[in-house]
Amino acid sequence: MHIFIIIIICMNNIVLIKEVQLQIIINKKKRKESDLKLNKSKKKSSKSEFDDARLFCDDCNKFYDNICPYHKQSYIPDKKISKSLIKHSQRLSDLTCPDGIIIKSSTILKAGKGVFATKRFEKNTFFGPYMGTRHSNFKSAQESGYAWSIADKYGK
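In the working numbering, the protein residues as written are 1 to 156.
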């Protein structure tokens, strides 16, 4: 999934950049840096065009099973933290934000918190992993304001 954020000067992944495109990686298992090695075959995938487990290249305007074989892409993982810090923090996302990313209240009415850059990131930079809370029913998901429907590779 990729999103555009207009940044004026915040949640788990993203100073004065007029517009930034982020790709949020949603996956059941934590993605490792080694998973993002260059795809040497340079073949396009036969999977459906939009799939959250795949990576999007802004230059090609296409999804790939791995990073784009033609253009530079970067992956910035969340900061590693000790388990003792987790117990004493109110929000894990504040502790694990990569350098250059902050979480703060959005200026958009009723938007809650947002992710903002405090430095410039190159195009085709990925952050992650994105983690959240599972909701067991539609109503609680809808009330959260930040819910996505996530499917496995079989669409379930």
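Hints were generated in silico from the structure; no laboratory data involved.
Ideal Cβ placement from N, Cα and C applies to all residues, glycine included.
Possibly wrong hints are sitting among the right ones.
Claimed, not checked - 25 Å max Cα-Cα, derived DMTMM-like pairs, lysine to aspartate or glutamate:
(1) K80 <-> E143
(2) K79 <-> E122
(3) K79 <-> D94
Said to hold, decoys possible - Distance ranges between label pairs, derived from CB positions:
(4) N137 <-> N66: 24 to 30 Å
(5) R120 <-> N66: 35 to 41 Å
(6) T133 <-> D59: 22 to 28 Å
(7) T133 <-> C60: 17 to 23 Å
(8) R134 <-> K79: 19 to 25 Å
(9) S106 <-> A141: 30 to 36 Å
Cross-check of the supplied hints:
1. K80 <-> E143: Violated: K80 and E143 sit about 31 Å apart, past 25 Å.
2. K79 <-> E122: holds, 19 Å
3. K79 <-> D94: holds, 10 Å
4. N137 <-> N66: 24 to 30 Å: violated, 36 Å
5. R120 <-> N66: 35 to 41 Å: Distance hint for R120, N66 is violated at roughly 25 Å.
6. T133 <-> D59: 22 to 28 Å: violated, 34 Å
7. T133 <-> C60: 17 to 23 Å: Between T133 and C60, where Cβ atoms are some 34 Å apart, the hint is violated.
8. R134 <-> K79: 19 to 25 Å: Given a distance of about 24 Å, which is inside 19 to 25 Å, the answer is holds.
9. S106 <-> A141: 30 to 36 Å: violated, 20 Å
Violation of the numbered hints given earlier is confined to hints 1, 4, 5, 6, 7, 9; the remaining hints are satisfied by the structure.
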